[in-house]
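Student: Chains A and B, in that order, are what the protein sequence lines are.
The numbering of the first sequence is the numbering used here, which starts it at 1 and goes up by one.
The numbering of the second sequence is the numbering used here, which starts it at 217 and goes up by one.
It cannot be assumed that every hint is accurate.
Only some residues are given here: those of chain A computed to face chain B with a beta carbon under 10 Å [to be verified]:
1. His18
2. Phe19
3. Leu23
Worth flagging that the hints you see were computed from the coordinates, not collected in a lab.
Treat the numbers as computed from the prediction; the structure is a model and nothing was measured.
All residues carry an ideal CB built from backbone N, CA and C; glycine is no exception.
Protein chains: 2
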Amino acid sequence: MHFTKQDIENLDKQTRVHFINSLSGFKSANLIGSVDNQGQENLAIVSSVFHLGAHPPLVGMIIRPHSVPRHTLENILQTGHYTINHINADIVEKAHQTSARYNKDVSEFTAVGLTPHYNANCIAPFVKESKLKMALALRSTQTIELNQTELVIGEITDVYLEDDKAYCQDGFLDLEKLNTVAISGLDRYHTTSGLTRLSYAKPNTTLQTLNVTSLK
Amino acid sequence: MHFTKQDIENLDKQTRVHFINSLSGFKSANLIGSVDNQGQENLAIVSSVFHLGAHPPLVGMIIRPHSVPRHTLENILQTGHYTINHINADIVEKAHQTSARYNKDVSEFTAVGLTPHYNANCIAPFVKESKLKMALALRSTQTIELNQTELVIGEITDVYLEDDKAYCQDGFLDLEKLNTVAISGLDRYHTTSGLTRLSYAKPNTTLQTLNVTSLK
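Just chain A, same shape as in the assembly (with noise of 0.2 Å):
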């Protein structure tokens, strides 16, 4: 099948939102969490959150224009903060669901039936159910003048790891332990199962596989 510019530019608009969705490849599934000047909370499934640099720890997400994870991007400008929690299977649902266009004034951790949890480290609430949870801290958010999405980065200023088994002897980590899902497209959640880890490549050098070994 080949489609060509015009043939995408010929689908109706919500199969094109499908079909071009579809095209990245596998996503993140996160949800941030924000709160506003008066402590309103707001919680938002996002599956743009994309490493950008571990040195600072910098991780960026697009917001787009008129969607519904706009209140998280008007209160994180109020506050400077906000928590990314990775969403695991147990609670794809209630993820899912956060997407719907509640009022500003409705937490969706009380919609959708999550739990908020507040510590001392950032003023925005962590997901309880969450098994990996970041506090991040504003950096700098920049319009894309092609089509108007905004790119907010974060530095990363705390980690929450719920199970020390995923963390292994070279500090990465094993999502699968955290049962973390992946998107497709909008709206499609999948698990996961190892296929390989390969060592560092270099030129005429056979790659090796690499374990998977948690420290504890």
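Take the given structure of chain A and dock chain B to it, following the hints.
Tutor: Frame of chain A, contents of chain B only:
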């Protein structure tokens, strides 16, 4: 386990790289095909390709400073075109090997044993063994000032889907039919299993499970 900002700072460099790269969740697995103005071809594995918008169909990717895919960035800037090719389970080792630091005059296609495929719609080579291939036209590049990474944004001009059974009735693609893999951390590859596909969420409405049914 709690890692503070200082704990992260204190990790040795390689441990920190593995750890922070694991935090964003699952990542897409793609090969970027490009050529320079003299036709010297290049192929690079990239885990940072992400969906940016459906209309126009835009895809972003992050190129790190001094990283191997800098040849890719130079080529894209020269020609304005590149390809994105999904990595499937059959070509994981070859795809990973493209990350070795080959000299500019070496084609990674030849070095790792993948087959370049050219057609009239794109100056850059596709990966014949990939089951989902896209041609892109460069739309913008911008430097992320926080860490000097480069955000490269392209518009999808052509999509080639090998197996039409992956195309579902509403435009959604079943990536599992294409054996597309996901990446975690720097170097682990995963196959996936569909957990569920969920309907558009609305407040006070129960989610429905959607079918993943091919057109053919």
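Student: It remains to establish, for every hint, whether it holds in the given structure.
Tutor: Here's how the hints hold up against the structure:
{"no.": "1", "hint": "His18", "result": "holds, 4 Å"}
{"no.": "2", "hint": "Phe19", "result": "holds, 4 Å"}
{"no.": "3", "hint": "Leu23", "result": "holds, 6 Å"}
Consistency note: the structure conflicts with none of the earlier hints.
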